[in-house]
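**Student:** Here is how the chains run, residue by residue.
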Amino acid sequence: MVTKTGSEGVSVPNPRSSRYLRDREGYFSDEQKERTFKESRKQSQNLRNRLETRPVRARTLSYFDDVMAFGGVRITELAEFRQGGGKVVGTLCVMVPAELVGAAGARAVRMCSGHYECVHPANELLGDAGLCPLVKSTLGAKMVSSNPLMDNLDMVVGPATCDGKMKLAEMLEDWVPVVMLNVPRVKVGDTTSRLWLEEMKYLKHRLEDLTGRPVKRKNLAREIDLWNRVQVIWGQLSSMRSGPRPPISGQDAMLVAQASQLDDPHRWSKKVGELVGELSEMSARGEFAGEADAARVLLAGSPVMFPNFKVPSIVEESGALIVHDELCSGQRLLSDPVMLDGSSMEEMLVALAERYFFPCTCPCFSPNDERILRLKENIKNLHVEGVVFHTLRGCHLNNLEATKIELELRDMGVPFMKVESEYDEGDIEQVRTRVEAFVEMIKARRHFNRNSQR
Amino acid sequence: MKGLKFRGRAIRPWRFALQIGALIFLLGGAFGLRSFGEYPALRSIFLPNASCRYLNTAPTYCFYYTLQDGLTAGAATIWVEVIIVLLIVTLLILLLGRVWCSWLCPFGLVQELIMDLRNFLKIPPLRLKWSHLQILDRVKYALLFFTVLISISIGISELGLASHATSWSLPFCQVCPAKGFFTIAQQVVGLESSSTRLPLMAWIMLSIFLVVSFPIKMFWCRVCPMGAYMSLLSKKSYLWLEKDPDKCTKCRICLRVCPVDHDRVFEEMEGLDVGGRDCTLCGKCIEMCPEDGCLSLSAGSRRLVSSRKPDLGRSDASTGSRDRSRK
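Respectively, the protein sequence lines represent chains A and B. First residue of the first sequence: 1, per this note's numbering; consecutive thereafter. First residue of the second sequence: 455, per this note's numbering; consecutive thereafter.
The hints are simulated quantities; they were obtained by calculation from the structure and are not laboratory data. Any given hint could turn out to be false.
Below 20 Å or equal to it, Euclidean Cα-Cα: the simulated PhoX-like pairs (lysine-lysine) are [to be verified]: (1) 576(B) with 218(A); (2) 380(A) with 763(B); (3) 216(A) with 576(B); (4) 216(A) with 201(A); (5) 201(A) with 583(B); (6) 443(A) with 380(A); (7) 380(A) with 404(A); (8) 763(B) with 201(A); (9) 201(A) with 218(A); (10) 701(B) with 380(A); (11) 418(A) with 443(A); (12) 376(A) with 576(B).
Pairwise CB distance ranges (calculated) [unchecked claim]: (13) 662(B) with 216(A): 33 to 41 Å; (14) 214(A) with 686(B): 23 to 31 Å; (15) 436(A) with 584(B): 28 to 36 Å; (16) 412(A) with 584(B): 28 to 36 Å; (17) 665(B) with 216(A): 27 to 35 Å; (18) 584(B) with 444(A): 51 to 59 Å; (19) 548(B) with 412(A): 35 to 43 Å; (20) 534(B) with 189(A): 46 to 54 Å; (21) 243(A) with 540(B): 50 to 58 Å; (22) 62(A) with 591(B): 53 to 61 Å.
Computed from a prediction, not measured in an experiment: that's the story for all the values here. Every residue, glycine too, gets a C-beta built ideally from N, C-alpha and C.
The following block holds chain B by itself, in its conformation from the complex (with noise of 0.2 Å):
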């Protein structure tokens, strides 16, 4: 329908792409780029939320894999495991804000598509109501807070708890989705062999997570622990999401659209930062401000996309000199 598509900048086919090439890389093994995923090189590499241990031949795993596991071995390998990772991840985090949670993460990909397949079905979304936001949101900082707390437990063998080790190490990774999702998905595509059992708890939580996703948009990301630890750093980031308060006519369009409900964005008329928190910086925002220059993801002081006033023909190139000659 031509009124469906009446609408600023394009950022989601971009965007598409490179959670396409995430993916490809993360799943090299399944087009024949078997040695891939056995660099040493890259296995040392822990980004945030770009991969997952659970897929046989991803290159990376998560940071948080790595931060439980470190943890869980105690102080004898904290540095090479937990800190190191740390810092880079943190560096990173600062770099590009929750860049990884929209643009790489294969599972916000999964997320993203359950929500088109809504679309497609003409199905409204779940409005949630402030409160549950906020409950949703003290549940993601009690995920990591409780997950830290049992593997450092763990950790520290005075406490006497190496013996709960194999049932409680890597406790995070027992409730994420993830696990029972890849691991199926690995399965059916003929990768992992059918004879792996998921245990009890993956089904739970992938059900959970299905059922939950369908109606509530990027459910998963809105309690996940390391989206919690992101959310805690990014709150100043080199890549970040502007708001020129003029030109915001408080139209609430931003809000309505954000698929992790992120009330800064139109609730902000002070400062020119708006991301943080929750702000995946997946731009649908800049996609429908209806605004000329209003909203823009910027790198620093440079503005690298923003919104513009949508119109009936005009043609991508002329906005962008237009862009150029303001500044």
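Here chain A stands alone, though its shape is the one from the complex (with noise of 0.2 Å):
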């Protein structure tokens, strides 16, 4: 296959591409783009400030705060490797290899965005309002350059995933040049891997193109051994959160997690290990980060993408603690190694794209029969009270999914509530009321069946 652009990045328009998008570039007000731009640094400042304000947090965690901070050190840190001719690599999906973009040379970063204020844009101009928020607010966020992430990548990573994904994708190469990825989508047989691994190979392929420098055997075992360490380091960070009374709050672990998206995966893996020193220091000394008898609950669902943490927010304000989370923008990230049988390349690329294919439980799968299990797995080991399903509206997938997560976790007798939530503030105290009340529920519940188990 051949290359579509340039490698050049941002300043060269894609001449095969519709350009509907790029034609319109003027269509936004210089104030419009000031405005936006100063919402999202506004959003990110505020959800910053209200975890710091949380009365237990491990101090380490404000160098997680730092790496997501709006046009922070990580940005300046990202435009200087440009500079330096290093290339960077956004990603869509969980579901893109980083070891695969290490090994070329680049970096990889998680482009989602969470930012409210940048969906307005999308909806100006795309025209169909019911759009999951979150495509709309990175392709926003890219149209009117409102976040300096988005102004720093040299290529783009889409998985065609959902509908939204793959249009998102497509659209994005209005600006930089897109490497859209065949996902199968029934997940059955021998034939959906070895699709799979044939993207993986023209991923490598555009990589290389990229960087000017191919994937070498040697450099693809070195990245897959330093992610399956980053893997087992956040594995024991996970595990702070399965005791009885976790130091850290979902919102924090979730924070962490993405972070691992966008930082440099050996200060990262430093930095967790930091952390999970002072957690055992604060679970030594009986810190708890819920309230005194928060109920502990599973967030589920759609991504929930720094900095829109406002549904894991309300549901720890509202007396309960996140001990798992089933998400592509947490515990999902990190959850699978990558385990080599043998170290030709071609068995390396099946190792990577199997990993990356077969255990995920989007729900753009079928059959994902998995996911339920994983969830029932996660609700026994973890004492779980209640389960929170949290979905972007628009989100069809999960919102299908979620009926029948329901009827499941009926049958275990676990409390399940789904959340329906759009990129805007103006449902907080909505939600807010209801994820009391099913709060209240789970402690209600804990009390009747202490009483009638005597």
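Can you join these two chains into the complex? Each is in its own frame, and there are hints to help.
**Tutor:** Laid out in structure tokens, this is it:
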């Protein structure tokens, strides 16, 4: 296959794409651009303030705040990396192997946006108000270049998982070269594995074109090892959450997980190691991140991208603690190691392809029974008392699976609540009322269960 | 390279030790134990896959040899040479499943060494499509059926095929590449006189085997009629491959690393027993499975060895105690 654009990146318009968005670039006034920028920064800052003022919070976490900060140090680092000839690759999905990007000498950053203000530009031009806000926000951020991260990309990798992500990747092609990956959505049989492997090889080829360096076997093995180590360290942090009194809140854990997609993995691992040390000290002192009798809640559903921590914030402010999540923006980012059987390039690619494809429990796959299985297993192991299923408005796949999961959990006797939310602050109080009632119910139930056991 | 050692339990070393042990036992003569193979008591034991008739000093032969030989000989000796042997072998299979193939069979060891060579040369294996696997599966049962059919036909004197007995006896041994392999190996070491001529068929089969085994993992195990007989019986054995479906993340590592592409280990999500059929209980999937206690090699209700999460320096001793405490 031939690359469609040069590797110069942002400044080169793609002659073969529709350009229907790029032509309208003058559509947005400077004033709106500035407002979007300021509002986005404010939202990040607000979340940071909210997280920092929680009564129990490890000090090491401020490092991850800095990494995720809007236009923060990390963005400057990436810009410097690019000035030195480095390439930054934006990824739109958890299914893009960071190992491959790293082995090509580029850096992978997750570019899904959680900024509310960025939704408006996309709303004005796309003409689909019912579209997933995550997609709209990411596209909007690029359209009005309101997020410094978006200006520092040389390529975007977008697996065509759901309709929204697919069209998002297509439209981003107006600004940045995009590699679209064809995700086989029926997860049965051997053919899917072969197809996805071919996509990985295509991605490898495109990455090599971008950096001008071949992906070497040695480098790929090194990267695989690095990310396996990252996962082990993340596993140590996750296990801190599974105890009876976790010293870290679900929001902070999610922050750390998402920082891994932006930060340098070596430094990230070191810092998480420090964090785990601090957390075990806190645990030893008996510190607990939630309220005294906090309900143990599992967060499931659509991705919660920084700084759209609305739902987890509300849950943790309403007397519950998120002890686990099954989001592709949280626990699932770093959940399965790549186990190598042979050391040839082909075998490494197969291992990589299968790790990013088969254990993925994205609702875009069918059959997706593993998701329910994982969920049940985590509920059992982590003594989860209730499941909050967060769906973004327009995320049909998660909405549909919510119904299925609700029925399964009802059989298990686990309370379940679906919260549908938009990228908007308007519904906060409404959601809060519902979540508070849910948490109250869990606590009352706890009381009832105890009495009935007697 | 560090990254490639990132794995869970090590089963291969134990298996390798046993394979070498079995080889020494079978090649006793080579180590100055010539009388080893001449005990009549040992001669009458026939094991599934454990040995080969073309190893001069082999203390026991594979049961398939005596099965063919007994059937060819006709009704007179059928009780001693076929029925009793089959009963013993069946009992062993019910007890240990297809353990013979991966833990004892010298030909399995040969193929594994070829696989190691391929890995060392950094050449990827050929990935068989599921349709090809189905064909190989049929070849296996066809070999079993036709070798037995030919042997029986010769054995029934009414059919008047006795004149073909010399050219058609031991039909499987005639096509089995182990014949050529072990004969040549012994000639090289000097245990067999170099004047022994191999028939053309043996040469052809040996060449096919050597060429095909290189790209295809454990090629001969996929078509071996002894394996077919064991596959028929090993659906439920005392030694079995256990899977805890609740812990499975469906990551497909087990199927990817499986030397015989035994898909049940990946696909089965209802029952606990995921062995049987092609599974030779080699434990590769247990070694590579990254989930704590998801796959185990079990004897009855006892888990002998279980998979575990890879870690950066966890010692074997600590996980052993954890496994025990879970029960």
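**Student:** Against each hint, give a clear statement of whether it holds in the structure.
**Tutor:** Against the structure, the hints:
Under the criterion of a C-alpha separation no larger than 20 Å, the hint pairing residue 576(B) with residue 218(A) is consistent with the structure, at around 12 Å. The straight-line distance between the Cα atoms of residue 380(A) and residue 763(B) is roughly 19 Å, inside the 20 Å bound, and the hint therefore holds. Annotation: proposed proximity of residue 216(A) to residue 576(B) holds, straight-line Cα distance about 13 Å (limit 20 Å). Taking the CA atoms of residue 216(A) and residue 201(A), the gap is about 13 Å. The hint holds against a cut of 20 Å.
About 19 Å separates the Cα atoms of residue 201(A) and residue 583(B), which keeps this hinted pair within 20 Å; it holds. About 18 Å separates the Cα atoms of residue 443(A) and residue 380(A), which keeps this hinted pair within 20 Å; it holds. The straight-line distance between the Cα atoms of residue 380(A) and residue 404(A) is roughly 18 Å, inside the 20 Å bound, and the hint therefore holds. Restraint check: the Cα-Cα separation between residue 763(B) and residue 201(A) comes to about 28 Å, which exceeds 20 Å; the hinted pair is violated.
A threshold of 20 Å between alpha carbons decides the hint, and for residue 201(A) with residue 218(A) the separation of about 17 Å falls inside it, so the pair holds. Distance hint between residue 701(B) and residue 380(A) is fulfilled; the C-alpha atoms sit about 11 Å from each other, no more than 20 Å. A threshold of 20 Å between alpha carbons decides the hint, and for residue 418(A) with residue 443(A) the separation of about 18 Å falls inside it, so the pair holds. For the suggested pair residue 376(A) and residue 576(B), the alpha carbons sit about 41 Å apart, so the restraint of at most 20 Å is broken.
For the pair residue 662(B) and residue 216(A), the beta carbons lie near 36 Å from each other, so the given range of 33 to 41 Å is met. Under the hint 23 to 31 Å, the C-beta atoms of residue 214(A) and residue 686(B), about 49 Å apart, miss the expected range. Here the CB-CB span from residue 436(A) to residue 584(B) is close to 52 Å, at odds with the stated 28 to 36 Å. Between residue 412(A) and residue 584(B) the beta carbon distance is about 35 Å. The supplied range of 28 to 36 Å therefore holds.
For the hinted restraint 27 to 35 Å between residue 665(B) and residue 216(A), the CB-CB distance of approximately 30 Å keeps it satisfied. Taking the beta carbon of each, residue 584(B) and residue 444(A) are about 53 Å apart, inside 51 to 59 Å as hinted. Remark: the range hint 35 to 43 Å for residue 548(B) to residue 412(A) is upheld by a beta-carbon distance near 38 Å. For residue 534(B) and residue 189(A), the hinted distance range of 46 to 54 Å is satisfied, since their beta carbons lie about 48 Å from each other.
Distance hint check: the CB atoms of residue 243(A) and residue 540(B) are about 57 Å apart, consistent with the given range 50 to 58 Å. One distance hint, 53 to 61 Å for the beta-carbon pair residue 62(A) and residue 591(B), holds here, with the actual separation near 60 Å.
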